[in-house]
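J.: Please arrange chain B on chain A, whose structure you already have, making use of the hints.
Residue numbers (the numbering used here), protein chains in the order written: chain A, 5 to 688; chain B, 5 to 200.
A few of these clues could be false.
[Claimed, not checked] Heads up, simulated SDA-like pairs for lysine to any residue below, C-alpha to C-alpha not over 20 Å straight-line:
1. B/Lys126 to A/Arg351
2. A/Lys436 to B/Glu121
3. B/Lys77 to A/Asp402
4. A/Lys229 to A/Ile536
[As the list claims (entries may be wrong)] If we take Cβ atoms under 7 Å as the criterion, some of the chain A residues that face chain B in the derived model are:
5. Leu59
6. Gln262
7. Gly468
[To be verified] Restraint-style ranges between C-beta atoms, simulated for each label pair:
8. A/Gly196 to B/Lys77: 29 to 35 Å
9. B/Ser180 to A/Gly230: 42 to 48 Å
10. A/Ala613 to B/Thr177: 33 to 39 Å
11. B/Glu121 to A/Asp383: 53 to 59 Å
12. B/Ser180 to A/Ala199: 30 to 36 Å
13. B/Ser180 to A/Tyr325: 45 to 51 Å
14. A/Ala613 to B/Gly90: 29 to 35 Å
15. B/Glu121 to A/Pro582: 53 to 59 Å
16. B/Ser180 to A/Asn340: 41 to 47 Å
17. A/Gly230 to B/Gly81: 45 to 51 Å
No lab work stands behind these hints: they were computed from the structure.
These figures come from a predicted structure and were not determined experimentally.
Glycine residues also receive a C-beta, built at the ideal position from the N, C-alpha and C atoms.
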Amino acid sequence: MKISNRSANAWPARLLILTALLAVLWISSAPAHCADTAAEKDQTNSLKELSLAELGNLQVTTATKEPEAIWKTPAAIYVITHEAIIRSGATSIPEALRLAPGVEVARIDNDKWSIGIRGFGSRLCRSVLVLIDGRTVYTTLLAGTYWEVQDTVMQDIDRIEVIRGPGGTIWGPNAVNGVINVITKPASETQGTYAEVLGGNVEQGSVTIRQGGNRGSVDYRAYAKGFNRAAQFHSDDREFDHWRAMQGGFRIDWAESQRDGYTLQGDIYDQRAGESVVATTYAPPYQQVLDGNALLSGGNILGRWKRTTSEGQDIQVQAFYDRTNRYEPNFDDLRNTYDIDFLQRFRLPWRQEVSWGLGARASRGDNPVVVSGLTFEPDPRTDTLLSGFLQDEISVVDHRLSLSLGTKLLKTNFTDLRPEPSARLLYTPTDKQTLWAAATHALRTPSDSEENFSLAGFIGIAPGGLPYFARFNPNKNFVPEQLNGYEVGYRGLLHEQLYLDIAGFFNHYSSLFSEDIIGAPYIETNPAPTHILLPAEFGNGLMGTTEGGEIAPEWQVASFWRLRASYSFLEMHIKRAPGSLDVGSAPGIQGSSPQHQVLTQSGFDFPKAVSLDLLYRYVSALPGQAVRAYSSADVSLAWSMTPHFRFSVAGQNLLQPHHAEFGGDPGPLVQIKRSAYAELTWQK
Amino acid sequence: MIPDRAVPFTAALHLLALLISFFLCARDCTAQQARPTESQVKAAYIFNFGKFVRWQAQPQQSSDSFDICVLGKNPFGLALETTVAGEKIDGKNIGVKNLSNVAEAAHCKILFISSAEENRLKSILSTIKQSNLLTVSDIPGFAERGGMIELVTLEGRIRFEVNVAAVSDAGLTVSSELLKVALKVIGSKQAWEIDK
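In isolation and in its complexed conformation, chain A is listed as follows (with noise of 0.2 Å):
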């Protein structure tokens, strides 16, 4: 299949060019129309006849402004407001991260993702962070993160924060190349009775309900939720992504004094996520593929205590537990995983601010054994971690310069204790613009699977009628993998309505992830019946390096519209080691990222209450998985019919009636339908 890259990198530039001139024609237009100081003055004005009730009771537009939390951060971090999420109509986390530049979201079938932050995004999402309100939601099988079972009440979302490249002061494993934090309203803000009902062709029903409350200084809040998905196109019709779920969860905050706050929190999900899987045996018939129903369970439940005592100072402390089922057609993993860490920041002299914290981690997990070519061992096992930062962030010139030098500490039971320090600095030259660059460097600690796991695949039947196997076989040896990143960035408030962030990054990586062939075939008789085995492990034999820069507008072009938009651009050249066994898995990983992205979503706000939102996506081609070039635009139509009922109609990945965006499964390629949902909901 020939994949043409040339003219389908023409279009992202030109899709911006286009919008670009016809923001400039409507804003040369605008003051025949609508004078906007005049009217704004006018506006002023009537409002201050309203009531005070009236006044409250007003929908307002936030005006693009500078993002506090994110103006002294030196990082190229963006967050995705709880605004944004709404009005994109994105039903899910994962469809949600699609709205970050730099973030590759790449829908594999119903229930899977492949998701990666500049690069090396797979189903497994192996060298990213991510947290859920301070939970971090990896699994120590695996290093990676199960996007399927990542859910919550979208309304209650508050923001999710993106760090491209490594992270800073959030500490733990896997902040090699970005961490994503989905932070959800405290109790206070998601008070009243929420419902949703949604259904459509895709998503066919979806309820959700959730009622906050709140007595003295405890706020509460309790949700349910429950959705049917229906499968995605499939060019064979074995429809096996049907995806079922349900999920409760609760959180309690509880101010006791201007000084101590607690929350307690916790969610717990039941799943059913069809999928195809290929099962591999020593006996016959060697290898299938199983279409069947993943079933995911589980639950977690986390507790926090945080102390101000004065400005600049804080401790915090937090401890969570979380059991995860899953019992998948060719293998199960049944864990329990103990959590807790301490934080804590304070002032020194000289302008200094100290932040620094502890944590441990273990898990314990159980596979028992599903088919003979895919086996931990030994088990069950528990996995153990322990991780530490210190951060000193140095103001060398009062609110113009700054330098955080700072270092992370990883121990777990597969390595020593390593370091990962990081140099920062950030520039302030005026109010609205700020400088910053980074160098770091960081780990991608290993996994039970690479350490633990034996898995088959079957090459065929050898001549004499003995089945041939390859097998990667535990590696012990199996070292972190390695990450210098020196990056840079910018971000400005250049006029009142627009808002500018760019950044930029270099990072060299060694001892990466590789599939190495470590002998020759041999006849072996154990596990039975006996059979040809191709020996074979994950090593780390390969290195290379990634480059490339975000850009991020946003515009507040009119009062009634705003345009956000991104471009995000990555090179990859991965390549083998110095005398690496690797079988050459290089083009394959450099294929499966995109070298260009684009994002547009405009914002449109008409009289009585009626919003529009027009979202549009360019992925460049992902070679490594046969998937072309494609462009995706997505609109949602929402209508507030009163103060409490809102009504929307969503249209998603409109310009096909489908389309590839990753492999992974077995056979031909799961493509993303053409999709539609209306959604009712209501607000006491």
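T.: What follows is chain B alone, placed relative to chain A:
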């Protein structure tokens, strides 16, 4: 080919949306239709607070204008000036002043503390303690931390919370009309929450 059809379609959709808004705006481009901005609504609130709060009568009037002061970065643009233009509170003309230092707040009746001052909040509040002025801010947690009126944004609407203990400490009284509409009233002996 996919991109060939995609770009014109999206551009057409954009153009259509623009034309619709153009049309609607041209027909009804009066202030009431378009949504007000946060700054405009907050400015209107501050003006209203001036009408619903009673200051102690001072034997020596330091100035004969009712001063609304903004400490730190001014987020209102011209909205505050436009709102108070031509209006009077307590028979006095209203003046809007930008302060860079809290020490200059002596003659202010209302002090709006910008969110850029969040790190210095504790020292600001202790400097103006018992200063017979009304403190307003949109800093999160302002009311809990001793501020008098906190402006909060909730579901796209601007509401406010009142700390009556801080208000009475400063020698001011707040009209019950104001308290009735507040989202939350804290600091009174029988602290109660008012349902929105």
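J.: It remains to establish, for every hint, whether it holds in the given structure.
T.: Checked hints:
Between B/Lys126 and A/Arg351 the alpha-carbon distance is near 15 Å, which keeps this suggested pair within the 20 Å criterion. For the proposed pair A/Lys436 and B/Glu121, the alpha carbon gap of about 15 Å is at most 20 Å, so the pair holds. Our distance criterion of 20 Å between C-alpha atoms is met by B/Lys77 and A/Asp402, whose separation comes to about 17 Å. Our distance criterion of 20 Å between C-alpha atoms is broken by A/Lys229 and A/Ile536, whose separation comes to about 50 Å.
Taken as an interface hint, A/Leu59 checks out: its beta carbon lies about 6 Å from the nearest beta carbon of chain B, inside 7 Å. Interface hint status for A/Gln262: upheld, as the beta-carbon distance to the closest one in chain B is roughly 6 Å, under 7 Å. Here the hint on A/Gly468 is broken, as its CB sits about 49 Å from the closest CB of chain B, past 7 Å. Between A/Gly196 and B/Lys77, the C-beta spacing of about 33 Å keeps the proposed range 29 to 35 Å intact.
As the Cβ distance of B/Ser180 to A/Gly230 is approximately 45 Å, the hint placing it in 42 to 48 Å holds. Against the hinted window of 33 to 39 Å, the Cβ-Cβ separation of A/Ala613 and B/Thr177 comes to about 37 Å, which satisfies the hint. Checked against the hint of 53 to 59 Å, the pair B/Glu121 and A/Asp383 passes, with Cβ atoms roughly 57 Å apart. Take B/Ser180 and A/Ala199: their Cβ atoms lie about 34 Å apart, and the range 30 to 36 Å holds.
About 48 Å separates the C-beta atoms of B/Ser180 and A/Tyr325, a value consistent with the hinted range of 45 to 51 Å. Judged by the Cβ atoms, the range 29 to 35 Å given for A/Ala613 and B/Gly90 holds: they are separated by roughly 31 Å. Hint check: B/Glu121 to A/Pro582, Cβ distance near 57 Å, so the stated range 53 to 59 Å holds. Between B/Ser180 and A/Asn340 the C-beta distance comes to about 55 Å, which lies outside the given range of 41 to 47 Å.
A beta carbon spacing of about 46 Å between A/Gly230 and B/Gly81 agrees with the range 45 to 51 Å that was offered as a hint.
Going through the hint list in order, the structure does not satisfy hints 4, 7 and 16.
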